[in-house]
Amino acid sequence: MFAQLIQDPAKINYVENPAKPPEIDAWGQLPKLASTFDHVDGLFYFTYIVCIFFFVVILGALLFSVVKYRRKTWDQPAASNVTHNTPLEVVWTIVPLIIVMIMFAWGFKGCMDMTVVPEAASRNTYKATAKQWNWTFTYPNHATPSFNEVWIEVNKPVQFLCESTDVLHAFFIPVMRVKRDIVPGRFQSVWFHPIEIGEFHLFCAEYCGDDHSRMYAKVHVVSAEEFATAPWDKWDDTTPALAAKSGESLYKNLCQTCHSVNGTPAVGPTWKGLFTKQGDTFVGRQREVIEGGAKKTITVDEAYITESVRKPDQKKVAESPYDKNNMTAFPDLDERRIKGLIEYMKSLAAAQ
Amino acid sequence: MSHDGHHSIVIPAPGPEFVPHTVAHHFDSPVQEFQSMKLGFWLFLATEILLFGGLFAAYFYFHEAFPETFRVGGAQLDWRLGAVNTTVLLVSSWTMAMGVRCAQTSQKQKTLMFCALTLVGAVAFMVIKFFEYKAKNDHGLVVFSELFSGYNEATGQLAWFKDYDGVMANVPHGHMFFAIYLTMTAIHGLHVVIGAGLIIWIMKGTAKGRFHAGYYLPVDLVGLYWHLVDLIWIFLFPLLYLVP
Amino acid sequence: MSAHTHNDHGHAHADAGHDHGGGLQMGHHHVSSAAMFFNVLAILLVLTIVTVAVSRFDFGGANMLIAMGIASVKASLVIAIFMHMKWDTAINKIVFLSSFLFLSLLFIFTLADQATRRVDHEMHTTRTPVDKQWVHPSTLEKH
Amino acid sequence: MSTNVPVIDAHPTISEPPKNYLNCSRGFMSWAGTLDHKRIGIMYLIGVSAAFLAGGVFALLVRLHLWEPHGMLFTNETYNQIFTLHGAFMVFIFVIPAIPGSLGNMVLPLMLGAKDVALPRLNLLSFYLWCGGTLLATLAIVLGGFDTGWTFYAPYSLYTDQAVVSIGLGIFLLGFSSIFTGLNFIVTTHKLRAPGLTWFRMPLFVWAIYATAILQVLATPVLGITVLLVAFERLYNIGIFDPRLGGDPVLFEHFFWFYSHPAVYIMVLPAFGIISELVTVHSRKPLFGYKLMAFSALAIAIISFLVWGHHMFTSGQSTFAMFAFSFLTFFVAIPTAIKEFSWVATIWKGSIALNSPMLYTLAFLIIFAIGGLTGVILGALNVDLHLHDTYFVVAHFHYVMMGSIALAFFAGLHHWWPKMFGIMYDETLAKIACALIFIGFNATFIPQFIMGSQGMPRRYATYVPEFEGYHHASTIGAVILGSGVALMVYYLLASLLIRKPAMQNQWGGVTLDWLTPTPPPLENFATPPSVTTEVYDYSTLDYESLRTPVR
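Residue numbers (the working numbering), protein chains in the order written: chain A, 2 to 353; chain B, 107 to 350; chain C, 218 to 360; chain D, 5 to 555.
By construction, these hints were calculated from the structure, which means they are not laboratory data. Among the hints, erroneous ones may be present.
Listed below are the simulated PhoX-like cross-link pairs for lysine-lysine, each with C-alpha atoms no more than 20 Å apart in a straight line [said to hold, decoys possible]:
#, chain 1, residue 1, chain 2, residue 2
1, A, Lys273, A, Lys317
2, A, Lys312, A, Lys340
3, D, Lys353, A, Lys73
4, D, Lys353, A, Lys69
5, A, Lys325, A, Lys132
6, A, Lys278, A, Lys246
7, D, Lys295, A, Lys73
8, A, Lys132, A, Lys273
9, A, Lys253, A, Lys278
Being a predicted model, the structure only gives us computed values, none of them experimental.
Based on the sequences and whatever the hints tell you, model everything.
Next comes the structure, spelled out in structure tokens:
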């Protein structure tokens, strides 16, 4: 009935290798890294100052009264019995009204600037697909997608069309001041104009289930020259060892949320012991699976793993809770990368 | 609970076949009691309106989103049955109003008779509803035996929506109309059943002579409830059977 | 509906005036005449026939308006006469009718959001049908 | 002293203590089956306090877990369940019923000069509905918990394999409990006022509870149908919220916030009422701008129906809706600001007693100022695009809900405790507890404002390491806050054993609740009261009653 309640110390449950934290300014705020800064932060500081002003007024009046008019004897009456002061009441109705209307107009103007996608950004459109619990980024005019990491060019407005295949997520890059909930069943768009090179956080800001907090992606803002080399499309598989290494980094980005490599129970079955090394060859283990409602035993091999990545519901591991849990499909993953993952799985056996 | 020194106010019965009514201890007068109860009940009816309002909002929302689905779906309902049911409810609303009127004028036998007629209306409504549901079931538009069997993600098939005749094949999300139809009419039907129960309770009290010109509050309130049930159907009928 | 009578009640608290809505009034004295109830029923049934008859013709976008208009008239009759709202106290009227007011807020804002979302899409985001494969928006714009 | 209201020592001088609502009858059934509003109020008080402590324990677990970036204690799933339980218990089981259910039930009929609420049976029913709802929520924990967050956003709440139906039905019952309480208070206020107690002579607590009741009656049914629809979705896939079946999750958010935004005011308006009472009594000065205060309570109630969309600025509603909702949202700021200013103006030139209820009130005024002003920051559309769903929002609504509403609840509890039981608690401990709560609270949530503005998203079981320092500060603050609450529970319970008698009119109030014997007799007043003076007229204060101990 109860799932495991207490965290397994073996499973360190957080984002590996996040981006470096941005520098914080004297106000405790994030630095100016994108054009959207002006839309948000100008008004933010304005409201901040207005609020501090009113807070100081209220606090000052309170403290002054408490000190000055403290009751000294138990039967002391009030120093004044004024019940109202119409001009004063009118003033403190009208003045806040004017201030908040300024805030509203300013806020709406900024909001329109941030939601109406300019021509330049719509010509540089990415697709961001959110799933429980990872991100897939598809690049404009480039076939290979990237997972949980995205590269964008500095000083070039960019639009993200966000799509969710399951539940609500939200696309949130704090330093770029952009946030948009991703509603399954339709596209939501977000645009911004990065002006500094660096690595930044991309969070999921709308609660989406168990590993909501691990739904993290790293945003690389790079120079035009570096962008031209398509850094997300580097895949070294010249030798099986290098392929396994590439596979490992992909595993950490994409698969680690649900699959352990050391046998720890997780959402999905562990990769430990998928292959065993016999001499120079790797032999897949026997596994009971459910296909089309019927149980059968298969041998783990490359075809099975490829199918499990692309159509995970085809053959489900017949073991609780994996027979009930659903894995998200990765139809975008190309042969070379799947091969890299398999090499990594095999390297796990070799290491033992 | 005893209340020392408290004089209960008693409304005398108009005749030997009736019993007097004692005003609750915390009220100063029968007027205060009557008005309090009635205000409370109107407030309750307001919450009922808002409760159904959520369903109506969903109806309009999806009517706007999938007009074709609602048009084709509405055509599958039998407007004749709907019209008969509307008539039944309207007539029963009238008998209920007459029942309240007879209670107001201390006419015990007539109150009983009109309440009984209202009850007949409630039963007739539910019987007609049953045949209507059965027809939907036979066409696979709402398969009641499969209602809780869920949704197959792989095939995209909904267990309770089979659509044997394929009438909804060419519209998007054909189940949507029937889901809303079922939910609205089922919750309305539940209110009809509750209303029928209340009418039976009222008839018992009337038979004992508890309700008369001096105290007919429960009859009045149940009457209001029954009219509300009618009121909701007045809107449901064109929305589900006619407009789409 | 001014023809209503209220002379046939043998009520202990019978009072002379019917200045409705007075706070200290009993407010529940009104006993409507059976004839009026019957007339209202007749009107309701006629209106039911009308709404069915009208629905056989297609007025396009006006279908919903016509049907809801007739239903509202019927509902008003039920509320005013059968539910005695016409003779009820002011506060009871306010309470019940305000529920429709607040309900209309739910309708207005929710439906306005839905209606204007479409405008939004046409205005400044790319319209991409979800059922289809993702197509790069620049190719979409060419069509 | 020139008032027609009943005299304090109306009961004859006999050796045994006078009969009051506490000692008039004994036995379990005399409580469980009681129709007396004061006893129902006490039962609510026990219930909501237990719920608050449970919710507080969940909160401490959440804070402890977040001590380390990778999460110290729980698996992510457990963490999600715990923060959901914290939210659901605090919102639905504690905050919404807390003040109306306990203090409202206790004080409202007293203030109106009524013998009871208008519908005593319904009152008891709503208490048992509350119990039923709480039971179903607790049952949901046993059935495996629920991890949807207290907002139940579709479609996650439709897909997750947990006990959502049970908690959903629990919330349905809690909703009807709330509706019936509100309905009862509206009828009581309209029909059971004492002679001479005109609308503008009613204490502001009554105004606040009345405005709350309007919201409870008109908004809660929509929550009822929403949770029912979620339950139906899970039971038979209606599809209206499920995008796989053509439904729209944003529609769920509309339905949910149509209730849950007014619900924020269902929670906060009674707190405003309590504070309005307390500032005048403990400053011994008429409330500044009484009429404007009364109207602003109603204005908040009405406007709160028009602003729910500000919870959905990033959710994908249309630009038009964002425009309208942001515009209307700013209007709520006005009556709220009026209230805050009027409270400060009431204290100004008063005779300010620095006893524990007043200290809690002052703490409220400071914390609510921060909570309200940060709300203005969040109301601005483009700023909200950045701050939405971050710890900034978390801190903001805790400043309003925990900092303001719970503190007002504590303030009211300390204020009316001598009235309810005729005994006093330890004032020194009370002041220490108040200081601990105030310091601990700010230490918990100020770091969260900073974190949030730097982009720390809410509902995270683990986080990136740069936020660790802020989380440490926040957790330490939460422990201080928790110890303050524990101290408060201790001395309040201890006062029930020590039984140090309170004064007949402990604080010098002039509203009807202080003019009946302490503790009140079963039907509240020895003789039916009538009112001839304006509200909060401290020239009528009978100073002797401040020194007459309860017998």
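These are the hints, each one checked on the structure:
no.	hint	result
1	A:Lys273 <-> A:Lys317	holds, 17 Å
2	A:Lys312 <-> A:Lys340	holds, 16 Å
3	D:Lys353 <-> A:Lys73	holds, 13 Å
4	D:Lys353 <-> A:Lys69	holds, 8 Å
5	A:Lys325 <-> A:Lys132	holds, 18 Å
6	A:Lys278 <-> A:Lys246	holds, 18 Å
7	D:Lys295 <-> A:Lys73	violated, 30 Å
8	A:Lys132 <-> A:Lys273	violated, 25 Å
9	A:Lys253 <-> A:Lys278	violated, 23 Å
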